[in-house]
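Number of protein chains: 2
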Amino acid sequence: MKSIRVLHVHVAIVLFLVCSQNSMAHRRSMLSISKKPDPNDAIVTARWLVSQNFWAVLNTISIDLGGAPWGNVVSFSDGIPDQGTGIPYFYLTNLDPTVKNALKDQRASFTVSEYPLGTCGKIDPENPTCSKITLTGKLILVDEKSKEAEFGRNALFSKHSEMKGWPMDHNFQVYKLEIENIFLIDWFGGPKPLTVDEYLKWKGH
Amino acid sequence: MKSIRVLHVHVAIVLFLVCSQNSMAHRRSMLSISKKPDPNDAIVTARWLVSQNFWAVLNTISIDLGGAPWGNVVSFSDGIPDQGTGIPYFYLTNLDPTVKNALKDQRASFTVSEYPLGTCGKIDPENPTCSKITLTGKLILVDEKSKEAEFGRNALFSKHSEMKGWPMDHNFQVYKLEIENIFLIDWFGGPKPLTVDEYLKWKGH
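From first to last, the protein sequence lines stand for chains A and B.
Numbering follows this note's numbering, with no gaps: position 47 of the first sequence is 47.
Numbering follows this note's numbering, with no gaps: position 62 of the second sequence is 62.
It cannot be assumed that every hint is accurate.
Stated by the list, open to error - DSS-like, lysine-lysine: derived pairs with alpha carbons at most 27 Å apart:
| hint | chain 1 | residue 1 | chain 2 | residue 2 |
| --- | --- | --- | --- | --- |
| 1 | B | 35 | A | 122 |
| 2 | A | 104 | B | 36 |
| 3 | B | 192 | A | 104 |
| 4 | A | 122 | B | 192 |
| 5 | A | 35 | B | 145 |
| 6 | A | 122 | A | 36 |
| 7 | A | 36 | B | 122 |
| 8 | A | 122 | A | 192 |
| 9 | A | 138 | B | 138 |
| 10 | A | 100 | B | 192 |
| 11 | A | 147 | A | 122 |
| 12 | B | 164 | A | 164 |
| 13 | B | 201 | B | 138 |
| 14 | A | 122 | B | 104 |
| 15 | A | 36 | A | 201 |
| 16 | B | 104 | A | 138 |
| 17 | A | 192 | B | 35 |
| 18 | A | 192 | B | 104 |
| 19 | A | 100 | B | 138 |
| 20 | B | 192 | A | 164 |
| 21 | B | 145 | B | 164 |
| 22 | B | 164 | A | 192 |
| 23 | B | 122 | A | 122 |
| 24 | A | 100 | A | 145 |
| 25 | B | 138 | A | 104 |
| 26 | A | 138 | B | 100 |
| 27 | B | 192 | B | 36 |
To be clear, the hints were calculated from the coordinates, so they are not data collected in a lab.
As the structure is a prediction and not an experimental result, all values here were calculated from the model.
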């Protein structure tokens with residue numbers, strides 16, 4: 001009986017560990033995040049959404065498809081963990097339509113959902129209380145010898161370690177979104193009034 | 001000693017149950033999905049990505065922001081579970097910029113990532129082996145009295161149960177993307193050649 005009980009303990013502990021590991025990938029960004037901000041605090045919510053997520057959709061105007069709005073899944077970072085700036089940096093190759101499009105027309109938007117953070121619970125991703133943000137502006141190549149490019153690489157590599165090893169001949173470079181407009185939904189009642197200046201100046205870390 | 005061991009078993013089992021529930025939300029769509037298809041099979045991978053996901057980013061041309069490409073987080077469904085059609089249906093309100101934009105210019109794209117399904121494991125969301133698809137075409141209102149609208153509502157409500165209770169005065173209606181182009185990345189070497197006809201005709205369920 002004793003050995004059976006010990007076995008039960010071990011099996012249950014192993015199941016717990018396996019289960020924890022399985023859910024780890026999905027909650028990668030949750031592990032270090034602070035609690036979801038109060039939806040009344042639009043600035044904090046907006047910055048939290050951008051800092052805690054690590055992938056989203058970057059939209060440009062398609063050259064190949066007659067000017068259609070064209071979204072692409074990309075990884076990003078707005079700074080090293082817990083020191084986000086609110087500005088999304090990307091590591092993109094000119095083999096990708098997104099870069100080709102942006103070189104012709106810089107207009108772009110970047111759309112981020114709360115859903116991947118796991119904090120929406122059972123709420124539907126389209127429910128306004130599961131927050132979402134669209135940053136609209138210009139997609140710009142950061143001069144690779146600048147301090148900002150170094151900042152961008154550190155920001156990106158700290159959250160996306162495999163990027164360091166991406167093929168040199170693909171010419172990955174640091175891009176950023178120069179934000180001109182913010183659309184934030186984090187509760188009922190339509191988008192929250194939020195200026196780019198308010199968003200960028202926040203230093204509440 | 002006996003009671004301590006029993007307590008250990010109970011604590012470990014409770015931890016396992018709590019842990020399972022926590023990861024449940026993130027793996028909602030994984031519970032019923034088949035294995036990730038072979039990346040060599042572009043048609044099956046494309047249809048799998050669209051059928052297994054339940055939220056993504058819908059891009060339109062912004063009226064308010066001078067024609068900028070503008071993405072919005074939306075829920076969707078391409079059919080009742082395990083009977084997907086490949087055509088994404090949406091439940092949208094004209095209070096939302098996406099609908100306002102589409103009423104002026106139907107050009108749209110819809111961008112879906114494999115990452116939320118949990119099948120990318122530790123691979124970065126931008127790594128080409130973590131697949132992604134962008135469907136480009138026209139965002140169209142489905143006649144609400146048509147059989148297709150009934151199909152769309154069933155498809156949507158089967159995956160998004162709370163939609164049934166969304167406020168009547170918000171005028172939610174069924175929209176669909178009429179697909180004209182498919183961009184699929186599911187491995188190294190650039191987008192897979194895949195026609196809309198091949199994609200829509202597949203009936204491999």
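Hints, verified against the model:
1. B:35 with A:122: holds (24 Å)
2. A:104 with B:36: violated (36 Å)
3. B:192 with A:104: holds (24 Å)
4. A:122 with B:192: violated (35 Å)
5. A:35 with B:145: violated (44 Å)
6. A:122 with A:36: The given pair, whose Cα atoms are some 15 Å apart, holds under the 27 Å limit.
7. A:36 with B:122: OK: residue 36 (chain A) and residue 122 (chain B) at ~25 Å, within 27 Å.
8. A:122 with A:192: Within the cut-off at roughly 23 Å; holds.
9. A:138 with B:138: holds (25 Å)
10. A:100 with B:192: The hint holds at about 18 Å.
11. A:147 with A:122: Judged against 27 Å, a Cα distance of about 42 Å means the pair is violated.
12. B:164 with A:164: violated (46 Å)
13. B:201 with B:138: holds (19 Å)
14. A:122 with B:104: violated (34 Å)
15. A:36 with A:201: Answer holds: residue 36 (chain A) to residue 201 (chain A) is near 20 Å, not above 27 Å.
16. B:104 with A:138: Cα-Cα ~23 Å, so holds.
17. A:192 with B:35: It is violated: about 41 Å lies between the C-alpha atoms, which goes past 27 Å.
18. A:192 with B:104: Cα-Cα ~24 Å, so holds.
19. A:100 with B:138: holds (23 Å)
20. B:192 with A:164: holds (26 Å)
21. B:145 with B:164: holds (17 Å)
22. B:164 with A:192: holds (26 Å)
23. B:122 with A:122: holds (25 Å)
24. A:100 with A:145: holds (21 Å)
25. B:138 with A:104: holds (23 Å)
26. A:138 with B:100: Roughly 23 Å between the alpha carbons, so the hint for residue 138 (chain A) and residue 100 (chain B) holds.
27. B:192 with B:36: With Cα atoms ~17 Å apart, residue 192 (chain B) and residue 36 (chain B) stay inside 27 Å; holds.
The earlier numbered hints that this structure contradicts are 2, 4, 5, 11, 12, 14, 17.
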